[in-house]
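Visitor: Kindly generate the complete structure, drawing on both the sequences and the hints.
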Amino acid sequence: MKTYVITGPSSSGKSTLIEHLQKQGFFVVTEVARGVLTEGIFHPSRDPFLYQQEIARRQMEAEEKMREANADIVFLDRGFYDQIAYCRHAGLAELPPEILLDARYDGVFVLEMLPNFQSDGVRIENGAEEARHLNEMTLKEYEKRGIPCVRVPATPVSERADFIIRTLGEKI
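Numbering of the sequence shown is given in the working numbering, commencing with residue 0 and proceeding in unit increments.
Derived from the structure by calculation, the hints contain no laboratory data. All residues carry an ideal CB built from backbone N, CA and C; glycine is no exception. Just to be clear, a hint being listed does not mean it is correct.
What the hints assert, rightly or not - Calculated cross-link-like contacts (lysine to aspartate or glutamate; reagent style DMTMM-like; alpha-carbon spacing at most 25 Å):
#1 K22 <-> E60
#2 K139 <-> E129
#3 K1 <-> E142
#4 K1 <-> E128
What the hints assert, rightly or not - Here are the in silico distance ranges between beta carbons for each label pair:
#5 P114 <-> H88: 15 to 25 Å
#6 Q21 <-> T154: 11 to 21 Å
#7 D105 <-> D46: 11 to 21 Å
#8 L113 <-> T29: 15 to 25 Å
#9 S14 <-> G39: 10 to 20 Å
#10 M0 <-> G34: 15 to 25 Å
#11 A61 <-> P96: 17 to 27 Å
#12 R150 <-> R103: 13 to 23 Å
#13 A70 <-> V149: 19 to 29 Å
Guide: Spelled out as structure tokens, the structure:
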């Protein structure tokens, strides 16, 4: 199984791309943090570290289920190293290192931000500049672990999907 993370700043179209890839028949793991925020039980404004711990717990569960799926290619809407960047950005304590033991990714596709940053009530960044900064921190987390990162231009979702599939075709 090959596992690829789709990451990028908030408002870059990650969830839309993940949905598009799923419709094309790929196995996907949707963004865990969005689900946690939407539920409203855990929130970074109340207890940022508890919020990150809950995301880590659910990400571990999602990735365990992913491994059981026995798919050839899996796309994840964010991965563990996105979360490490969020913790560093917020000045939080590091998450326990054991959560990273199973964080094995074959590559990362980094989406460029779309022209108009949109707050949807779920995003926690305070605008486009903070989202860009956090994205660069996230990219560094993957790169320093030797995980190949490919930037995906800000084009329509179908073109992004085609770009990713072409890129994978060159590597397979």
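Visitor: In ascending order, which of the hints set out earlier in this document are inconsistent with the structure?
Guide: 4 and 7
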